[in-house]
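Engineer: One-letter residues, chain by chain:
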Amino acid sequence: MDRVYVYQEGFLNLLTLLKYLIANKIKPFNIKEENYEASLLEEVVDLRLSLNKNILEEIKNKLGVNVLKILYYVYLSNDNNKELIMYYFYLNALKYPDTITLRRDLKCVREALKLEKYVGSEAHKLKGFVRFKELNNKVLYAKIKATNNCLEILANHFKRRLKEEYWIIHDEARHIMAIYDKKDYYIIDDNLLKMEDNKLSKDKYEDLWLTFFKTIAIKERENKTVQRNFMPKKYWENIIEVREEK
Amino acid sequence: MELKDKLRILADSAKYDASCSSSGSNRQNKYGMGNTSISGICHSFSSDGRCISLLKILMSNCCIFNCKYCLNRRSNNIQRATFTPEEVCEITLNFYRRNYIEGLFLSSGIIKDADYTMKLLIETISLLRFKYHFNGYIHAKAIPGAKEDLVKKLGSLVDRMSANIELPTKEGLKLLAPNKKEDNVTQIMQYVKEKRNRNFVPAGQSTQMIIGGTNETDLNIMEKSFSLYQNYHLKRVFYSAYIPVNKDRLLPSLVKPPLKRENRLYQADWLLRYYNLKVSDILDEAKPNFNLLIDPKADYALRHLEEYPKEINKVNYYELLKVPGIGVTSAKRIIQSRKVFKLNFDDLKRMGVVMKRAKYFITCDNKFLINKDMLKKEFIEANLVLDNKPIIEENIGKQLSLFG
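Quick mapping for you: the protein sequence lines, in order, are chains A and B. Every position in the first sequence, counted from 1, becomes a number in our numbering once 48 is added. Every position in the second sequence, counted from 1, becomes a number in our numbering once 6 is added.
Among the clues, some could well be false.
[Unchecked claim] Derived contacts from chain A toward chain B, CB cut-off under 10 Å, selection only:
1) 64
2) 67
3) 68
4) 173
5) 184
6) 185
7) 232
8) 260
9) 272
10) 285
11) 287
[Said to hold, decoys possible] Simulated crosslink set (DSBU-like; lysine-lysine; CA at most 35 Å straight-line):
12) A:231 x B:36
13) B:158 x A:110
14) A:73 x B:186
15) B:36 x A:272
16) B:201 x A:155
17) B:262 x A:242
18) A:262 x A:250
[As the list claims (entries may be wrong)] Restraint ranges, calculated between C-beta atoms of paired labels, are given here:
19) A:169 x B:297: 30 to 36 Å
20) A:223 x B:204: 41 to 47 Å
21) B:392 x A:169: 28 to 34 Å
22) B:347 x A:273: 36 to 42 Å
23) A:273 x B:236: 47 to 53 Å
24) A:213 x B:375: 54 to 60 Å
25) A:187 x B:158: 40 to 46 Å
Please keep in mind that the hints were generated in silico from the structure rather than gathered at the bench. We put the CB at the ideal spot given by N, CA and C, even for glycine.
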């Protein structure tokens, strides 16, 4: 039977499992989160490892902070095979600790770097495309629908940028939200906090922004293809200045 | 006048400035609002495909100058408006906290005189920085002819400061902008170059030239840019295809702005800054204008075929960069990776090399990807053009309209 190893949700749990598999020379058929539904030919193996709290430090010291970042970004991606890619990337990083990121002849390295870039660039785009609304109680609230799980990267960005504000970023694709209380942010399930639509009243500055957005375009240079290339339609429903056009 | 009307008028008057970059500064948020991102962040894209990163507005579109090409010139009968400093702060801060913008790009028409205008810009930006503790990105236009201590003051408040050279030659400037003096602009550039540090214009300076408003050749323009980069260490020269907003017998009556030419200038500008090419590699007196069908690097390669093919596993970084289809990123990847393993054509493709362009100019391990007897100038040129669909479509359109 093909063995599928499962881990409890969370980056550290996954790393703990990967390390265990590599150390014990186990070659998994697949690695999945614990609620995985196996097919008839698969056998689910739950090792119930206790969390290795030092694993981040270990990877950082042995393989460098860049390898850790790549593993983390691949973990955040929505790729179906991300766990296996991480497994083989980690395995090869231990084999070639100094040159791993240059080994584009290895498929796992190519795939890992591709996903790292994909997540990084989506998070970078969303840093620009997030649109906060001011709720009646002065809290800033934004909805996103990200393809990859960018919420933590965004929360870190806005924690520094809008440090003196209360804000909430809601990822509707994953039903999670980041809540910031002027000290730190917390990532929670979105059913723990119900947002009522009537709190989102009309706001004078939204109107000013729409005016600015329309005015700043030069009609002699119109080029909607380029506009869409840089600002993909999948984000438009949450970007107020283009939402209507969608 | 309502704030909304002012914003409409003063954004409309500012929109022809090409620069919107918000990169190059690393301002931290100690307390208050905002910080800057070293790589810059685009917040939106307008229907002309340009990035919107900054709230780009004029303080005022009242102007004592009468530059022929400018919408805001004195003799134009348009609606005029002037923001108060508090109004600019209000819009900037409220846009910023909703994450619409990365910061402010503030310019102005010349009200009364250069010093008066400059003081108004300083007052506004001081309010933002000190009263509201705003640490977002600010790009301000320095007003040519203003006193040195005012230039100094403004530079200490902003991330980027720039002064527009407007036209590639002094003659052009004299013809179309008789009130402006190139020396006043270069004086500011010289000052910023000397004084620049992490507290003074940390993101550096840029400038802008209008293309196609006067009859300069591309060679004139590139030589001007090259000397600006050399003499004043500018971060960027922006090229702005001339758009006829005014009628004047001294101005060309273009139907369409020369966008393809503008595109070629940007490509060549990149070759100067990142590819270590010289103006004389790209253009010369015998051929002073760009080929609109082929980009400047491919054009260079076709005119210097004797330098090719380049062996991917051997040639240095700058030689790699001379291959059409290889850019800065892929060249760096090649250099790093080939130390670890020998590259073949598949590896190149995976590293982001555009093989349909590069294949005529490279060998991998002394092997060609295509029959090398075919590698004649005419053959490659025809293929490069035919592979570029947008160019073909544009030109077919032109042909048809001749008969239409």
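Engineer: State for each hint whether it applies.
Structural biologist: Against the structure, the hints:
1. For residue 64 of chain A, the shortest C-beta to C-beta distance to chain B is roughly 30 Å, which exceeds 10 Å, and the interface hint is violated.
2. For residue 67 of chain A, the suggested interface contact is broken, since its CB lies about 25 Å from the closest CB of chain B, more than 10 Å.
3. For residue 68 of chain A, the interface hint is violated, since its Cβ never comes within 10 Å of a Cβ in chain B; the closest pair sits about 29 Å apart.
4. At about 8 Å, the closest approach between the beta carbon of residue 173 of chain A and any beta carbon in chain B falls short of 10 Å, and the interface hint on this residue holds.
5. This hint is violated: residue 184 of chain A has a C-beta 15 Å from the nearest C-beta of chain B, more than the 10 Å allowed.
6. Of the supplied interface hints, the one on residue 185 of chain A is violated, with its beta-carbon coming no nearer than about 15 Å to a beta-carbon of chain B, more than 10 Å.
7. Interface hint status for residue 232 of chain A: violated, as the beta-carbon distance to the closest one in chain B is roughly 15 Å, over 10 Å.
8. At a threshold of 10 Å, the smallest CB-CB gap from residue 260 of chain A to chain B is about 5 Å, leaving the interface hint in force.
9. Annotation: interface hint on residue 272 of chain A holds; nearest CB of chain B at approximately 6 Å, less than 10 Å.
10. The interface hint given for residue 285 of chain A is broken, as the beta carbon of that residue sits about 14 Å from the closest beta carbon of chain B, more than 10 Å.
11. Checking residue 287 of chain A against chain B: minimum C-beta separation of about 7 Å stays under 10 Å; hint holds.
12. Our distance criterion of 35 Å between C-alpha atoms is met by residue 231 of chain A and residue 36 of chain B, whose separation comes to about 13 Å.
13. Using a Cα cut-off of 35 Å, the hinted pair residue 158 of chain B and residue 110 of chain A is violated, with the two alpha carbons roughly 49 Å apart.
14. Between residue 73 of chain A and residue 186 of chain B the alpha-carbon distance is near 75 Å, which puts this suggested pair outside the 35 Å criterion.
15. Between the alpha carbons of residue 36 of chain B and residue 272 of chain A the distance comes to roughly 39 Å, so the proposed pair goes past 35 Å and is violated.
16. Between residue 201 of chain B and residue 155 of chain A the CA atoms are separated by roughly 50 Å; this puts the pair beyond 35 Å, and the hint is violated.
17. Proposed proximity of residue 262 of chain B and residue 242 of chain A is contradicted: the alpha carbons are some 52 Å apart, above 35 Å.
18. Distance check on the hinted pair: residue 262 of chain A and residue 250 of chain A sit about 19 Å apart at the alpha-carbon level, within 35 Å; holds.
19. Look at residue 169 of chain A against residue 297 of chain B: about 33 Å separates their beta carbons, and that is inside 30 to 36 Å.
20. A hinted range of 41 to 47 Å for the beta carbons of residue 223 of chain A and residue 204 of chain B is consistent with their spacing of about 43 Å.
21. With their beta carbons about 31 Å apart, residue 392 of chain B and residue 169 of chain A fall inside the hinted range of 28 to 34 Å.
22. Taken as a hint, the range 36 to 42 Å holds for the pair residue 347 of chain B and residue 273 of chain A, whose Cβ atoms sit roughly 39 Å apart.
23. The hint said 47 to 53 Å for the Cβ distance between residue 273 of chain A and residue 236 of chain B, and at roughly 36 Å that hint is violated.
24. Between residue 213 of chain A and residue 375 of chain B the Cβ separation comes to about 56 Å, which falls inside the hinted range of 54 to 60 Å.
25. Between residue 187 of chain A and residue 158 of chain B the CB atoms are about 41 Å apart, so this pair conforms to the stated range of 40 to 46 Å.
Taken one by one, the earlier hints fail for this structure at numbers 1, 2, 3, 5, 6, 7, 10, 13, 14, 15, 16, 17 and 23, listed in ascending order.
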